[in-house]
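From just these sequences and the hints, can you work out the full model?
2 protein chains.
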Amino acid sequence: MSLDYPSVKPHDRLQAALAEDLDAVGAMIRDRMASEHAPRIPEVTAHLVEAGGKRLRPMLTLAAARLCRYDGPYHVHLAATVEFIHTATLLHDDVVDGSEQRRGRPAANLLWDNKSSVLVGDYLFARSFQLMTETGRLDVLKVLSNASAVIAEGEVLQLTAAQNLSTTEEIYLQVVRGKTAALFSAATKVGGMIADAPAEVVQALYTYGDALGVSFQIADDILDFAGDATKTGKNVGDDFRERKLTLPLIKAIAAGGDVDREFWVRTIEKGKQRDGDLEQALHLLDQHDALDRAREDALAWSDVAKQALRSAPKGDLTDMLHDLADYVVSRLN
Amino acid sequence: MSLDYPSVKPHDRLQAALAEDLDAVGAMIRDRMASEHAPRIPEVTAHLVEAGGKRLRPMLTLAAARLCRYDGPYHVHLAATVEFIHTATLLHDDVVDGSEQRRGRPAANLLWDNKSSVLVGDYLFARSFQLMTETGRLDVLKVLSNASAVIAEGEVLQLTAAQNLSTTEEIYLQVVRGKTAALFSAATKVGGMIADAPAEVVQALYTYGDALGVSFQIADDILDFAGDATKTGKNVGDDFRERKLTLPLIKAIAAGGDVDREFWVRTIEKGKQRDGDLEQALHLLDQHDALDRAREDALAWSDVAKQALRSAPKGDLTDMLHDLADYVVSRLN
Numbered sequence: 035m036s037l038d039y040p041s042v043k044p045h046d047r048l049q050a051a052l053a054e055d056l057d058a059v060g061a062m063i064r065d066r067m068a069s070e071h072a073p074r075i076p077e078v079t080a081h082l083v084e085a086g087g088k089r090l091r092p093m094l095t096l097a098a099a100r101l102c103r104y105d106g107p108y109h110v111h112l113a114a115t116v117e118f119i120h121t122a123t124l125l126h127d128d129v130v131d132g133s134e135q136r137r138g139r140p141a142a143n144l145l146w147d148n149k150s151s152v153l154v155g156d157y158l159f160a161r162s163f164q165l166m167t168e169t170g171r172l173d174v175l176k177v178l179s180n181a182s183a184v185i186a187e188g189e190v191l192q193l194t195a196a197q198n199l200s201t202t203e204e205i206y207l208q209v210v211r212g213k214t215a216a217l218f219s220a221a222t223k224v225g226g227m228i229a230d231a232p233a234e235v236v237q238a239l240y241t242y243g244d245a246l247g248v249s250f251q252i253a254d255d256i257l258d259f260a261g262d263a264t265k266t267g268k269n270v271g272d273d274f275r276e277r278k279l280t281l282p283l284i285k286a287i288a289a290g291g292d293v294d295r296e297f298w299v300r301t302i303e304k305g306k307q308r309d310g311d312l313e314q315a316l317h318l319l320d321q322h323d324a325l326d327r328a329r330e331d332a333l334a335w336s337d338v339a340k341q342a343l344r345s346a347p348k349g350d351l352t353d354m355l356h357d358l359a360d361y362v363v364s365r366l367n
Numbered sequence: 035m036s037l038d039y040p041s042v043k044p045h046d047r048l049q050a051a052l053a054e055d056l057d058a059v060g061a062m063i064r065d066r067m068a069s070e071h072a073p074r075i076p077e078v079t080a081h082l083v084e085a086g087g088k089r090l091r092p093m094l095t096l097a098a099a100r101l102c103r104y105d106g107p108y109h110v111h112l113a114a115t116v117e118f119i120h121t122a123t124l125l126h127d128d129v130v131d132g133s134e135q136r137r138g139r140p141a142a143n144l145l146w147d148n149k150s151s152v153l154v155g156d157y158l159f160a161r162s163f164q165l166m167t168e169t170g171r172l173d174v175l176k177v178l179s180n181a182s183a184v185i186a187e188g189e190v191l192q193l194t195a196a197q198n199l200s201t202t203e204e205i206y207l208q209v210v211r212g213k214t215a216a217l218f219s220a221a222t223k224v225g226g227m228i229a230d231a232p233a234e235v236v237q238a239l240y241t242y243g244d245a246l247g248v249s250f251q252i253a254d255d256i257l258d259f260a261g262d263a264t265k266t267g268k269n270v271g272d273d274f275r276e277r278k279l280t281l282p283l284i285k286a287i288a289a290g291g292d293v294d295r296e297f298w299v300r301t302i303e304k305g306k307q308r309d310g311d312l313e314q315a316l317h318l319l320d321q322h323d324a325l326d327r328a329r330e331d332a333l334a335w336s337d338v339a340k341q342a343l344r345s346a347p348k349g350d351l352t353d354m355l356h357d358l359a360d361y362v363v364s365r366l367n
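Quick note, the sequences are listed as chains A and B, same order.
Numbering-wise, the working numbering puts 91 at position 57 of the first sequence, and it's gapless, one number per residue.
Numbering-wise, the working numbering puts 345 at position 311 of the second sequence, and it's gapless, one number per residue.
If you are wondering where the hints come from, they were derived from the structure by calculation, not from laboratory data.
Hints may be right or wrong, so weigh each one.
Identical copies go unnamed one by one, so any copy, or any two together, can satisfy a pair.
What the hints assert, rightly or not - Below, a list of computed lysine to any residue pairs in the SDA-like style, where the Cα atoms sit at most 25 Å apart: (1) Lys-176 <-> His-322; (2) Lys-176 <-> Arg-66; (3) Lys-306 <-> Thr-352; (4) Lys-213 <-> Asp-147; (5) Lys-176 <-> Gly-106; (6) Lys-213 <-> Gln-164; (7) Lys-88 <-> Arg-100.
Now the structure itself:
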């Protein structure tokens with residue numbers, strides 16, 4: 035985190051700088067989530083879309099296009115596409131995880147049912163591809179269909195890696211790419227592509243989005259153990275209770291001896307948790323410096339993101355993206 | 035059913051005529067369902083794909099392309115795309131319906147879990163769009179993304195229309211388009227498009243696929259009440275027990291008086307079914323000629339399909355598609 039870090043969050047500065055574009059994205063989302071025959075579709079979608087969310091992903095697309103001096107209309111289609119894909123994955127995730135809350139409201143799968151969440155997610159996914167075809171850009175379709183495949187692959191991998199103590203940092207990174215980084219990097223990349231930016235700029239935007247996403251997710255996984263519940267809105271230890279092998283746990287397990295291992299086998303692999311186990315897990319994380327070492331990784335990825343921006347055109351939006359890479363890890367201070 | 039109806043089923047004749055292309059489609063499906071990181075994906079997909087299924091949809095694409103004298107490689111991509119979309123919807127349908135069997139095997143959601151079915155379906159859907167981009171044809175992407183949206187919309191509509199006695203024949207048709215006809219018509223249309231067939235031929239192929247799909251689904255819904263369980267592999271009355279408002283029921287309900295209505299409210303709307311209700315439903319269907327009238331509709335759609343083929347190039351494959359339209363309703367004799 036740089037010393038001259040401005041007091042207004044970079045996310046809010048991006049929102050202000052992109053206000054007009056974001057309004058256009060909002061209008062397009064409302065227009066395209068409509069369904070002539072099935073009113074259930076806009077009901078479910080609106081429940082999620084209107085709950086807000088940070089609109090981070092569409093902002094990345096808009097910022098990337100604008101900092102490359104794009105002045106056509108299609109960055110709006112692509113930003114709406116990215117938000118539709120994100121919303122579709124949230125709907126399906128909530129079914130997969132059996133979630134009860136999303137964005138501070140009851141999850142759609144509880145308000146309606148799992149069926150609606152699955153099918154409305156499918157509808158939004160199809161709609162996102164319709165939107166993309168309107169841009170007339172096959173190269174963009176390729177990037178976003180690849181990202182969609184990586185997302186689904188990462189989720190399946192997470193499913194099979196859960197509770198598996200032999201999960202490596204490499205597998206964790208694959209899962210994180212699927213959960214977060216694949217859509218971040220596709221979002222920034224297609225912004226550059228629609229602006230016909232030079233190949234090295236497009237590559238830089240991709241690398242920025244990918245590294246930002248990885249950094250963001252590692253920070254999230256650290257905060258699950260070390261966060262202030264009043265700020266994160268999550269309970270400390272949720273991932274431990276759900277037996278998810280996130281980076282801090284993977285580091286602690288790898289560093290621990292046989293006695294530790296018995297504890298992890300019982301609590302994570304077999305899921306036989308009892309009172310005091312979270313405290314013991316936190317103790318082991320501390321003993322092996324696992325949270326600090328994960329924090330170093332998050333900072334390193336944030337640096338990769340910032341470095342990548344050196345190959346992008348200079349300007350206010352580029353500065354805000356730079357500060358955003360600082361901001362996602364500043365939560366760890 | 036024409037008098038000179040050949041003894042070999044048109045489906046089997048198509049399969050023989052397209053054998054080489056179908057092998058290429060099979061190879062492409064096996065290749066593209068692979069996942070570098072998540073072996074669960076090909077496991078689940080193979081369970082479904084290798085159980086066979088009739089491969090009707092990819093055959094429609096191959097036949098349409100070939101009868102338009104296409105000699106490029108991309109009809110194989112499109113046929114594999116269509117099969118992937120179909121497989122993805124089957125995986126999601128089984129979650130939505132809580133199915134226990136699919137293609138004579140335990141449904142994937144039981145062998146693995148609902149989570150895997152949702153996520154592997156998403157993966158196949160993304161893969162299908164990747165495959166399409168390889169054809170370099172945005173117009174084809176538009177048709178298949180539209181079809182995907184109609185499919186999801188139709189499924190949501192079926193969800194909300196279920197148990198609703200005010201479901202009209204118009205809504206039923208929308209549901210049928212989503213369940214069956216949208217992918218049939220997209221399958222035949224993109225076959226013509228990839229061959230650069232004239233617009234009126236592409237339209238004829240679309241109309242054929244749509245009408246074939248509607249006819250096929252109406253026939254299925256009739257057989258649910260009138261079929262021979264040993265041939266259909268389904269129990270008579272499944273739709274009635276699941277309170278699905280299919281065409282025969284919609285016709286019987288519309289024709290019935292207030293006394294009938296009490297019966298339908300209790301059995302369909304409230305779902306309070308007891309012994310003898312299926313027999314009473316069959317009696318009411320008979321009293322109002324509902325099965326015969328639905329059969330007339332199926333025959334009329336089959337005629338629409340055959341008429342459409344008059345605008346298509348003549349040849350053996352066109353003849354087989356013609357006979358296929360007869361065959362789907364011949365099951366009702």
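Now the hints, each set against the structure:
Taking the closest pair of Cα atoms, Lys-176 and His-322 never come within 25 Å of each other, the shortest separation being 43 Å inside a single copy and 53 Å across copies. In this assembly of identical chains, the alpha carbons of Lys-176 and Arg-66 lie at most 25 Å apart whether taken from the same copy (21 Å) or from different copies (15 Å). In this assembly of identical chains, Lys-306 and Thr-352 lie within 25 Å of each other by CA distance neither inside one copy nor across copies; the values are 48 Å within and 63 Å between. In the homo-oligomer, the alpha carbons of Lys-213 and Asp-147 lie at most 25 Å apart both inside one protomer (23 Å) and across protomers (20 Å), since each shortest distance falls under that limit.
For the homomeric pair Lys-176 and Gly-106, the shortest alpha-carbon distances inside one copy (20 Å) and between copies (21 Å) are both at most 25 Å. Taking CA atoms no more than 25 Å apart as the test, Lys-213 paired with Gln-164 passes in both settings, with 23 Å inside one copy and 19 Å between copies. For the homomeric pair Lys-88 and Arg-100, the shortest alpha-carbon distance inside one copy (19 Å) is at most 25 Å, but the shortest distance between copies (49 Å) is not.
Of the hints listed earlier, those the structure fails to meet are numbers 1 and 3, in rising order.
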